[in-house]
Every structure is written in structure tokens, then in C-alpha cells.
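Engineer: Sequence:
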Amino acid sequence: MVLYADLPETKSVIISAHGMLPILEILENCRRRDVISNLLKIVNAIIFDDYEIQENLCFVGGIPIINKFASKKYPREIRLEAAAFVQQMYQTSTLTLQMFVSAGGLNVLVEFLEDDYEDERDLVLIGVNGIWSVFELQGSTPKNDFCRILSRNSVLDPLSLVLSRVLDEEGELAELCEGRIANIFFIFSQAESHVKEMVAERTVLHRVLKELRRMTPVHQITMLKFIKNLSMLSTTLECLQNSNAIDVLTELLRSTMKGPHFREVSNQILNTIYNMCRLSKPRQEDAALNGIIPLLQKIVKTERPLKEFALPILCDMAHSGKVGRRELWRNKGLPFYVSLLSDPYWQVTALDAIFTWLQEETAKVEEHLLDDRNGPPPFVEAIIRCLTISKANAFENLLEPLQKLLRLSPPIASTLARPDMFSHIGQKLHHTKPAVRVNLLRILSTICDSTDEHGSLLSRYGLLNAIRELQKDSRVLVRELAVQLIKSSEESDAALLGSAAVKRRTTIRRQSTSTTPPSLISSHSMPTTPQVGRSSASKLLYEGRDTPRRRENGINGVSIGLRPGSREGRTPAGAAAAGVGAASAGGGGGGSGGAGSVGMKARLPRAMTQLRPSSSSSSSQQSSVSPLGTSPQLRDDMRTPTSSTRASPSIVNARRRRTNTGGSGWT
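For the sequence shown, full-length UniProt numbering gives the first residue as 1, with consecutive numbering after it.
Rather than coming from a laboratory, the hints here were simulated on the basis of the structure. Treat the hints with care, as some may be off.
With a straight-line Cα cutoff of 27 Å, these simulated BS3-like cross-link-like pairs (lysine-lysine) come out [claimed, not checked]:
(1) K391 <-> K364
(2) K428 <-> K487
(3) K281 <-> K258
(4) K322 <-> K281
With the sequences and hints as input, model every part of the structure.
Structural biologist: This is the structure in C-alpha cells:
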């Protein structure tokens, strides 16, 4: 080696004498480490910056012979010489690099990466640069094949460790190495799904996410692209979640909001979070708990280009569980959705989110949507405006979620029974697409059913003729819905006419019965005291005693006068009239006697009111005999009736006769 250094022409002598092949033969079988080290130094000196000699060496099979000295079983000095040879192979020409890879050079590079960075920093950096050079190779071999080979050796695990150590350093070399590592990760994320699944290890992702904030903005964006590409595969989402990706990315989004690269950083973060949260309630709740909702709302209000990435995440939050919806309530998510109805590009998505939320929390959402403390409910006004400004496709897509929402909440549907709503629907009833006509008719039916007027709204707002025309539509479903609406309108009109007629008859009847007979007025104005009905009571009692059989059966005046009065203390009008008539027929009582007959008549059963005086003799007897007027016990019994003195059975059985066959029975 000293001779080679002193005499530069030694290189040409060795080449001309074909000395490279003998050197390789010695290296293949040599066991002496000092000889191996010197021979490797000579080989590296000969091939330095000479791609023709390097290619010649590759052709004679020198690469696998020298690559074996890169193993960890050899001392550091020999490994450094082998690493210098490897570096020459991937730096000089495309052909030598291809031959190096074909000879198993990728395994050598991975082995360099697995060394300790503190002790073997040069070997580690050679490994990083070698892998980067392989991917920069412009050849016929696709990069996906290199990724597949390297992924079998779990190359990203040691590479993530190297990234952490490189970020601890400063300087141009450290930044260059950081960028190359980030590019290697990004290339792996562009490979086939099998490769993505192999590299998406929890330890690797956890290290990368942890070091994101320490990376320079340019390389940080590259690494975020790596994470975003992995999130596009459904089988890697679980690994990302277990690596706390949502937590780290949300915090990174918050910290870079005022930075110069916020737009590029947030672009990648929002795409990743959307891929992770889509159709996953647990991940949506995780993002909500980490404070993603207020950040997204701020982005929507301030960053116009990023609005397209933030709104899908926000609108999907309505589909999450209780935790996500609680965070939406806390951050005024429902008014935010209502405000989106004015955006022609997002009104369908916003209405679908409101409908989904209404399904989960019907009462609470309905109360907020119908809040009219500051005028008409903002939601109702937004729906009317939304139907007015929406484009053709948006209008068609808007009808189905609107119809579902109105059917779910009749109170909300009733608030849309307005002239402007019906007018706008009427303008679209003859739409060319049958699906639009069907949805419009369903919306009309839902609104009419939610109000007290039902189908009469159609005639009030001038849609009846248009719906009658739809009865002849070519589509069966359109015809059926139109027929149902017309029938509902006719039934409502008939019901209104019937109620009006009943009201008129009721008014006429009240006018004809508004006068009260004078006899009832006089009887009702007189108090019902025990003193009032004495003479009349004796008259009525003796009406039931015209036949001697009554007496034999124990029916007397005392038992008849014990029926209690009504709870209100008033005398029924019919009984009062009968009592007045009876008193006037007897002619024996005065003014107080007439009033007493009214009070007594109220205490008699229904059967008693059918009895009338049979002759003038009975009337004279009633006027001359008045036991009720002289018996104190009868007055007490009339005030406090008992079960032993009930009058009803005797009155009801007044027509029964005693048999003549000798018994004591009754027929």
C-alpha cells in the first residue's frame, strides 16, 4: 500500500497485468485481517472515480466478495473499507449501482443502518445515502420492487431511529440526511398496499409522529405526506390510531396555524384526519375530544382553500356518538350547520348532517331549530333561501334529506306552511325528472299533514290545479301521490263545510231556548227549606194512597218523603213545573204551599212523577189532611234519610196486586 502511494503508475501496472482478479481470489479465501484490510484499501484506491475499472470489477464478480466484509463479524477497520467500496458502487454510475443491487447490495445497506449511530455514524450515513441512491436510480426496475425487498428486512424501523438521532444534530449534513430519510419514507408510502401494510408498524409510526414537530417545515410536509398515504389504506388505520396519530396531528395543526407553511401542513393533516375519521365513530370522538372542532371552524371562516378539506370532517361529526355530539353542542355545531345551508356546494351535506343529528336527539335539536326568540326560526328561513338559490343538481339532491327531516319532525314541517314555500314548490312541480316530482309531492303531503288545515292548504296557496294536472302524469307514483293530495284537500273542505253548518245550527238553537218560563224562574228564586214543601208534600203523599191496598202493605206518607235532594241544593225544572201544576190543581194551598210542592217533587223518584190526582175527592182529602205539617219526626227524616225508609221500591211496585188464593204474596 505504501508502494502504491509513492508510485502513482502502480495502478496502471496492476490493471495492465490483470492484477484485480488475483486480488479478489486472495480476498475470497484470506483469513488474516491485516491482509484483508490492506487489499481492500488497494482495491478502493484502484477503482476510485474510474467507472470503467468499477464496471470491470463488477463483471468479474468482485461485488459479492467484497460485500461480505461489511458484516458485523469483521472489525471496524475492515467494515469501513467495505463501506467505502459500497459507496463507490452507488455513486459512480447507474450500471455499477444496478450490479450492486443485483448482487444483494440492499441487504448490506440495511445492515449498515442497524449499527449504533453513536459508534458507527459513518456506516449508518453510508447506509442512508445508499438506500436513497437506489431509489433515485432511473432504471427499468420499478421502485415498488425495491420497496418490497427492503420492507422484508424492516428497513423503516432502523431508519426511524436514525431520524431521531439526526434531528439531535445541527448543520447542513444533518439537514441533508433528514431530507433523504423523509424522502425514503414517502417513497414507501407510494408503493403497493402489501408494502404499506408491512411498513405500518406501531413503533415506526410512533417515532415518526413524535419527531414531526422537530423536523424542518419542508421535510415535515414530506413526512406528513407519508402518513396521509398510509391513511388511505383501511388496514393501516388501526395502527395509526394506536400510534396516537389524531392527537399528534391535531396538536401540530394548532401549533402551526400562524406559521408560514400552515396551508401546506394543514392540507396534509386534514386529509389524514378525514381518512381516519370517516365511518369510524370512535376515531371521530377521539378527534372531537382533542379539540379538532373549533380548529376546523376557524379554518372554514378564515382559509378559503382549506375549507374544502375541513368541512367534510365537521359534517361527519354529526354521525359520531354522544361524545362527538356533546362537543358539537359545546362549539355551537348546530347553528354552524344551519349557516352552511347558504353555501350552494355544501347545503346538501349540511342538511344531511342536521337530519342525522335530529334522528339521534330529536327533542333537543327540534327545540333549537324552532327557536323564534329573535324572529322567524333561522333554520326555516335558511331552508326557504336554500331552495331558492340552489343549482339544478343541488336542488335535486336537497329534496330527499329535506323530506326525511320534515317527516321526522311535524312541528318543523308545520313552520314551512308558508306562501313562499308553496310558491317555490309550485314552480318546480312540473320538473322533467320524476324523482323530483315525487319528492316535491311528498314534501307537500308532509307539510299538509302536520297542520290543522291539512289538504285545504293546497287550495289556499293555489297548487290545487297543478296537482290535478299531475293526476295524469306518466309515472305511477306521481299519479298516486297527486290523487292522495287531491283527496286530502276534498276531505278537508268537506270537514270545514260540515263544521260551519253545525255551528250555524247551534247558534239558532241557542237563540230559541234563551227564554225561561215564568213558573221556573219563580220556583228557582225560592229557597228549598224544610218549611217550603209541607202542604205540597202531604198532597203528593196522599196521591199514592188512593187505593186501600197501599195501606195494608205499609206504604204511608212517611216512607215517601225520605228521598234526598240533589247535591247542588237546586230543584230540577221539570219537577218544579209538575209541583206547581199539582198545587194549582188542588186549590187548597197558598203561595208557600206551591213552593213547597216544588221542593217535595224534587225528592220523588221518576215513577212518582207519572202519578196524577184521580178525583176531586182525593184533592179535598189532601187539602184537609196534612200529616207532614204536624209531624216533627217526618221533618227530621226528610233531612236525614235512612235505608229503612226508602221510597223507591214502593213507588216502582205500585202496580203490583195481591193474589186472591190465600197467601200473602204479591203478583
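Engineer: Now tell me if each hint is right for this structure.
Structural biologist: So, going through the hints one by one against the coordinates:
Only pairs whose Cα atoms come within 27 Å are accepted, and K391 paired with K364 is rejected, the gap being roughly 31 Å. Only pairs whose Cα atoms come within 27 Å are accepted, and K428 paired with K487 is accepted, the gap being roughly 21 Å. At most 27 Å may separate the alpha-carbon atoms for a hinted pair to count; K281 and K258 exceed this at roughly 30 Å. A threshold of 27 Å between alpha carbons decides the hint, and for K322 with K281 the separation of about 10 Å falls inside it, so the pair holds.
The structure shown violates the earlier hints numbered 1, 3.
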